[in-house]
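Asker: The lines below spell out each chain.
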Amino acid sequence: MTSHITAMLYATAAAATAAAAFIMPAPAGAEDTVKLAYIDPLSGGGASIGEVGLKTFNYLAEVTNAKGGVLGKKLEIVPYDNKLNAQESLVQVQKAIDSGIRFITQGNGSAFAAAIEDFVAKYNDRNPGKEVLYFNYAAVDPVLTNDKCSYWHFRWDANSDIKMTALTNYMKTRMNIKKLYLINQDYSFGQAVRAEARKMIGAKRPDIEIVGDEVHPLLKVTDFSPYIAKIKASGADSVITGNWGQDFALLLKAAADAGLQVDWYTYYAGGTGGPTAVKQANLPDRVFAIAEGVANEPYAPAREFEKAFRAKVNVTLFYPRAVNEIRMFVKAAEEANSLEPTKVAAKLDGMKFTVYDGGDGFMRADDHQFFQPMYIANLGPIGKDQPFDEENTGWGWKMMGKIDTPDTNVSTTCKMNRPS
Amino acid sequence: MQELVTISTLNGVLYGMLLFLMASGLTLIFSMMGVLNFAHASFYMLGAFFGFQIGQIVGFWPAFIIAPVLVGGIGALVERYALRHVHRHGPVAELLFTFGLAFIIEELVQMVWGKGPADYRVPASLDYPAFTIFSTNYPAYKMFELLTAVAIFVVLFVVLKRTRIGLIIQASITHAPMVAMLGHNVPRVFMLVFGVGTGLAAVAGVIAGPALVTQSNMAAALGPILFVVVVVGGLGSLAGAFVASLLIGLVQTFAVSVNLSVADVLGRIGVAPPTGGALFDVWNVTVAEIAPIMPYLLLVLILILRPTGLMGTPEH
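From first to last, the protein sequence lines stand for chains A and B. Residue numbering for the first sequence follows the working numbering, beginning at 1 and increasing consecutively. Residue numbering for the second sequence follows the working numbering, beginning at 1 and increasing consecutively.
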């Protein structure tokens, strides 16, 4: 209970001090800092995504420091460019460790996440007393907290099975869904979405007919009109897609061009460029997304935070989970009264926490997967009590359903190797 | 079946013409200057961003003219002050130069417009469905795309093959000293060709920008397929590029609509398909799944079977 109250105070305090953050410089010397290495693409094709993450973490550090930092030390984000490459990711992790950094965070790309998780686990085995923690804020391949799970890895984003559980729990209530089409990118994540969608829809709504199940090469398709023609020919009324980036934008534009009228159930319609594409495609209230936070959700502390964040960073808060990550990191350090990674990890393990958007979350001790309420929202022209639009389109997210923490539960196969 | 064939043909032709629009400048520069311009897709991207930015101020139609002229001007300057010097050191130096230029342009675009996508929209005057077939809409904007591509092909073809300018340009590549003796300024001819070539890339950019995604990685995403068009068509052949664009557009579009795999075919002719083993995936991959890779398969086959491309001429 006390932890809940503390968390509430934190949430409120964060909102209240957000504005103050710009004015108050946090005084700190080099040795008074705690460094968090941010390892994500900062050049090349993934840069547009990596950049937004970096801005988010820098802002979070600023807010944290305005409130006194982590145990009185200033939180500093140190960016490393992994160029969306597994080998390069490990080189950068090593560089970060060599410069004395004990906490790293990464999110874009489950393949790189798996490489880092494995590297950190081995490093910690070989270097007792110099442990490193890996905070994953966006890589969603379920395997990271299942077969490949590690005590040193903590995931704040809902993995794709959890997202699909939540999404299908909402979809089963939508009786207008009769014929469903799946279209995904041909790599581990897209394949996971496809398999889970089939399994879960089959179990929860056996009456829904899956009329198409398509994969296409990742980020290589320029013209989606032939795919749209197939969707149309199949007679589908709804589509599930895990597509992100240009694969999402081009898919929706092609749909709009051809005049395809279906409901879209997506993971990443909220990503950079997504809302712009939905607006261009002119599909009001027909594109749904699953996320752990909705900007227009009526929860005052989150709204305050969103407002201050947008004013400063000039983008939507795409990573409410990163807020949870940093707040829980601070909380764990304070409870442990130490910045020793092993002690911080012991506190994070099983930690209960009031999440950014309100409601209860917990870091499951079995696999270090964070569980939190999930939201279904759709995008359309903003109405009253919807203060936020997306990418200056005049369209914003409207909450359509909340899937509370217990309903997001999925089992794990993790057999965690805990430090003795 | 008829519906599928009609729609796929239409989609294929439209996509093919978009490809030709993008590749026309590249093939022009190669055929008339012998320079394989790796930065071509970057000029295309510049065209898209210029079109977006200028369009914000004066509207789409003036931008449709101004942006290509500006980008063509930049191209001409690049030729005059950089490429011309590099040219003396042979084709490899040129290739490397344009390769480096592509990175510089990408970085500059990121500095000015950032890394995210720009909100570049189809102009209201073309934002309506032109016609509907089998309840599928075909937007007017795509028709405009198609017409522009055809117009560019016709104009280029006539200018190069039927006019005095074309004659001089063609002579400049094979008989440069003789053309110079006759009193023509050969370097200026090359500058002009490079300027027009990059300007054409910009035309493609202005048009494709709203239809696709205008962001700083659009050049890198598009680069490879343009080379496929040019190589399959025959390096330096304008008509070849036109035919190759159509071919690739149609092949890719039809492939997407075919859900057959090797295992299915084996099953139909009465052979039991393998149920496991290392090659299981290979047997079960459908044609649709590998459709976007088809053009590259075509590229490899063409290089093996007919290295000069469909309509290319052997090296002089």
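Treat the hints with care, as some may be off.
[Unchecked claim] Covered by chain B, according to a simulated footprint, are these stretches of chain A (three or more residues, beta-carbon under 8 angstroms):
#1 214–223
#2 270–278
[Unchecked claim] From chain A, some residues computed to sit far from chain B (all C-beta separations above 12 angstroms):
#3 I77
#4 A114
#5 K172
#6 K230
#7 K232
#8 A233
#9 A249
#10 K253
#11 A256
#12 K347
#13 G359
#14 G380
#15 N392
Hints in this document: simulated from the structure, not taken from any laboratory. Every residue gets a Cβ at the ideal spot worked out from N, C-alpha and C, and that includes glycine.
Asker: Hint by hint, say whether it matches the structure.
Answerer: For each hint, the structure was consulted:
For a cut-off of 8 angstroms, the count of residues in the stretch 214–223 of chain A with a CB near a CB of chain B stands at 9, and the three-residue condition holds. Residues of the stretch 270–278 of chain A lying with their CB closer than 8 angstroms to a CB of chain B number 4, which satisfies the three-residue condition for coverage. Non-interface status of A/I77 relative to chain B is upheld: no Cβ of that chain comes within 12 angstroms, the nearest being about 18 angstroms off. Every Cβ of chain B is farther than 12 angstroms from the Cβ of A/A114; the closest lies at roughly 20 angstroms, confirming the non-interface assignment.
Every C-beta of chain B lies more than 12 angstroms from that of A/K172, the closest at about 28 angstroms, which supports listing it as non-interface. With a least CB separation of 6 angstroms from chain B, A/K230 falls inside the 12 angstroms interface cut-off, contrary to its annotation. Residue-level check failed: A/K232 sits 6 angstroms from the nearest beta carbon of chain B, not beyond 12 angstroms. The claim that A/A233 lies off the interface is violated: its Cβ sits roughly 7 angstroms from the closest Cβ of chain B, which falls inside the 12 angstroms cut-off.
Some Cβ of chain B comes within 12 angstroms of the Cβ of A/A249; the nearest lies about 5 angstroms off, and the non-interface call is violated. Distance to chain B contradicts A/K253 as a non-interface residue, since its nearest Cβ pair spans about 7 angstroms, not more than 12 angstroms. Against the 12 angstroms criterion, A/A256 falls within the reach of chain B, whose nearest CB is about 9 angstroms from its own CB. The beta carbon of A/K347 is kept farther than 12 angstroms from every beta carbon of chain B, the shortest such distance being approximately 36 angstroms.
For A/G359, the non-interface assignment is confirmed: its Cβ lies about 30 angstroms from the closest Cβ of chain B, beyond the 12 angstroms cut-off. No Cβ of chain B approaches the Cβ of A/G380 within 12 angstroms, the least distance being about 17 angstroms, so the stated non-interface status holds. A beta-carbon of chain B comes within 12 angstroms of the beta-carbon of A/N392; the shortest separation is about 7 angstroms.
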